Amino acid sequence: MFRYYLVLGLKSLRRAPVITALIVLILAVGIGASMTSLTMFLVMSGDPIPHKSDRLLVPQFDNGLMDGSYTAGEEPERQMTWTDVENLLRDAKGLRQTAIYGIYPTLDPPGDTVQPFFESGMATTRDYFTMFDVPLIAGSAWTAEQDARGADVAVIGEALARRVFDTEPAAVIGQRLTIDDRAYTIVGVMGEWNPTPRFDRVNGSDATGRPEQLWLPIRNATSREWRNNGWTNCSGGEVGPGYANFLKSECTWLQYWVELERADQRDAYRDYLKAYVAEQKQLGRMQRPENNRLHDVREWLDYTGVVSNDTRMATWMACGFLLVCLVNVVTLMLAKFTARAGEIGVRRALGATRAEVLQQSLIEAGVLGVVGALLGLGLTVLGLELINGRLTGAEDFYVMDPALIGATLLLGVTAALVAGLLPTWQACQVRPAIQLKSQ
Amino acid sequence: MLTMTRLSKVYRTHLIETHALRGIDIHVREGEFVAVTGPSGSGKTTFLNIAGLLEEFTGGEFRLDGVDVRGLDDNQRSRLRNQKLGFIFQGFNLIPDLNLFDNVDVPLRYRGLPAAERKRRIEGALAKVGLASRIKHYPAELSGGQQQRVAIARALAGEPRLLLADEPTGNLDSQMARGVMELLEQINAEGTTIVMVTHDPELAARAHRNIHIVDGQIVDVVKPLAQAA
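If you're matching them up, the sequences are chains A and B in order.
Per the working numbering: the first sequence = residues 1 to 439.
Per the working numbering: the second sequence = residues 1001 to 1229.
Be aware that a few hints might be false.
What follows is a set of in silico ranges between Cβ atoms, one per label pair, in the way DEER data are often shown [stated by the list, open to error]:
#  : chain 1 : residue 1 : chain 2 : residue 2 : range
1  : B       : Gly1130   : A       : Glu385    : 54 to 62 Å
2  : B       : Ala1116   : A       : Asn194    : 34 to 42 Å
3  : A       : Leu10     : B       : Asn1171   : 51 to 59 Å
4  : B       : Val1219   : A       : Arg431    : 53 to 61 Å
5  : A       : Arg431    : B       : Asn1171   : 33 to 41 Å
6  : A       : Met317    : B       : Thr1058   : 54 to 62 Å
7  : B       : Gly1041   : A       : Leu358    : 48 to 56 Å
8  : A       : Arg431    : B       : Ala1127   : 33 to 41 Å
9  : A       : Arg431    : B       : Ser1143   : 25 to 33 Å
10 : B       : Leu1072   : A       : Ala339    : 28 to 36 Å
Taking lysine-lysine and the DSS-like style, the derived pairs with C-alpha atoms no more than 25 Å apart in a straight line are [said to hold, decoys possible]:
#  : chain 1 : residue 1 : chain 2 : residue 2
11 : A       : Lys281    : A       : Lys248
12 : A       : Lys52     : A       : Lys274
13 : A       : Lys11     : B       : Lys1119
14 : A       : Lys52     : A       : Lys11
15 : A       : Lys248    : A       : Lys93
16 : B       : Lys1136   : A       : Lys11
Don't read these hints as lab results, they were simulated from the structure.
In this text the structure is predicted, and so the values were computed from the model without any measurement.
Note that the Cβ used here is the ideal one computed from N, Cα and C, for glycine as well.
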């Protein structure tokens, strides 16, 4: 009978075409709006590195001045000073650790075909690639020795490799690229890597943005006296002239990450941070009361507001909008099913049980739901396209994965079935004797 | 085939009680063609609805083809209706967006017959009412008389034990009405029991027996002259 009811459901689409079109349209708009918001919310609130997100941690200290600017209980800085980065890297208390800051040097490709251009990049340590599962499709990260001495080596992205050298990634390894008038040897090429949301450097990089295409050893970048291309806070004290004084200052400008071997080592690392801050206090730094933090990836994304309150509010509002749409669909379905009371009366007279009328009506509502969901899916894709179009460098950031597509269809059918419950129940209550006489 | 004993029906609201049938006794034998007549509001449609298991009765007894229908739940009544009864309505009550084949198919679907058997019955029933060539047509493409023939085919396809007809010619002109009546007589002659509610004395006169209802009571049971002769 399911097939029979399905055919009847499809035929019913042609009946009362205006009401049917309105039901489908309202359902589609509701689903489109809610799924667009939900997709954005899920993408931004997803775990970008689920297998180790509880082992990748961001430490924070409060290194601000104990003066009029201090307010008890305020949040510590999200970034670190160079002094702390060097100390923590040297102590190496985690399985791996890295520090990151943004750079924006000039690239001068070999030959004359490509003109010199500015390129956003990152200065970091070799552990960065392993910690964040960065896929290298050719070569490898620079060595520990190159890391320590700040060698003139670079890892570049595949897109940059093809643009600059116009060849396959493997052929790029060992080639030289001039960066700010100095030749660097390419040691690795990164393949497709789209952590969603972008989490490795929330401060200074857009969480909806794509990773950079250029990485250099952090000590190479500091030796070249490159300033941070991103947020730098120097409210922690006076900064003397020159780059050397900047490095010694209490300016916070570096993102620091540590990877622990096991999640249960977190308390031990917290103890280490406590001891480190106590030691720094003895050296005259970190005058404020200890205010250390240690966030894992998900906590960090939450802490830094990657999923903004606006996104949360928009999602709730879209769900509310879907509810309003459903109320309208209920009304329209009541009208559609009431118009069919005569047919239901005939079917009941000819032997249909209430359960059979219920099945037929629910399948009919389900068919409307599927059509509405398919249209809603189209509207969702369109909505995400429009939003992606407003993002720079991330045209496919908000995309629906198969699970979300399935969820959209399921939402459509469920919404239609929920909206169809009252009309369907009413249809089951049709008294055939009355309907047959009134035909 | 159909036995009602002291059967009554009372419609109740919180203000009034309306006695639609007042303890009627009716017995219809197998193979009979019975006409039920009476003025508007006399209770003849209520009788037909109860006979067709479309409404419950308030008191008395009702046996349909030997089955005591009192106490049957809605599902059992639906099944009994589907297996033993055929309906012909004044307004035809065809489903407009189904073609003739699918309209006649409706009661057979609820009986769960296999596709081949349903096809055989549908084509046979439509052939019997002279509409075999219009199997893919829709009701709106047919005249009133033809639509009533489709309704008859739908009733016949289920091979009912009892055919209930409610003013079957009420919406037809005299020529079409004659054709439909001849068809009903032919069906009855082939063994199907028919109970027909009608206002039309001419049609009633062609039945084996007339039951006249006034104010919910049977006032007369007559054998028409044509039948008596």
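Q: For the pair supplied as a hint, Lys52 of chain A and Lys11 of chain A, confirm whether the alpha-carbon distance does not exceed 25 Å.
A: 52 Å, violated
(Q) What's the verdict on Lys1136 of chain B and Lys11 of chain A, does the C-alpha distance respect the 25 Å limit or exceed it? (A) 15 Å, holds
Q) Quick one, are Lys248 of chain A and Lys93 of chain A close enough, alpha carbons at most 25 Å? A) 22 Å, holds
Q. Keeping to a limit of 25 Å between CA atoms, is the pair of Lys281 of chain A and Lys248 of chain A held or broken?
A. 16 Å, holds
Q: Given the hint of 54 to 62 Å, check if Met317 of chain A and Thr1058 of chain B actually sit that far apart at their C-beta atoms.
A: Because 55 Å falls inside the window, the suggested range holds.
Q. Okay, Val1219 of chain B versus Arg431 of chain A on CB: inside 53 to 61 Å?
A. 28 Å, violated
**Q.** Whether the CB-CB distance between Leu1072 of chain B and Ala339 of chain A falls inside 28 to 36 Å
**A.** 31 Å, holds
Q. Are Arg431 of chain A and Asn1171 of chain B spaced within 33 to 41 Å by their CB atoms?
A. 22 Å, violated
**Q.** Assessment of proposed distance window 54 to 62 Å (beta carbons of Gly1130 of chain B, Glu385 of chain A)
**A.** With a Cβ separation near 59 Å, Gly1130 of chain B and Glu385 of chain A satisfy 54 to 62 Å, so the hint holds.
**Q.** Asn194 of chain A and Ala1116 of chain B - C-beta distance against the hinted 34 to 42 Å
**A.** 57 Å, violated
Q) Cβ-Cβ distance between Arg431 of chain A and Ala1127 of chain B: within 33 to 41 Å? A) Holds, at about 34 Å.
Q. When you check the alpha-carbon spacing of Lys11 of chain A and Lys1119 of chain B, does it fall within 25 Å?
A. 20 Å, holds
When each numbered hint is compared with the structure, violations occur for hints 2, 3, 4, 5, 7, 14.
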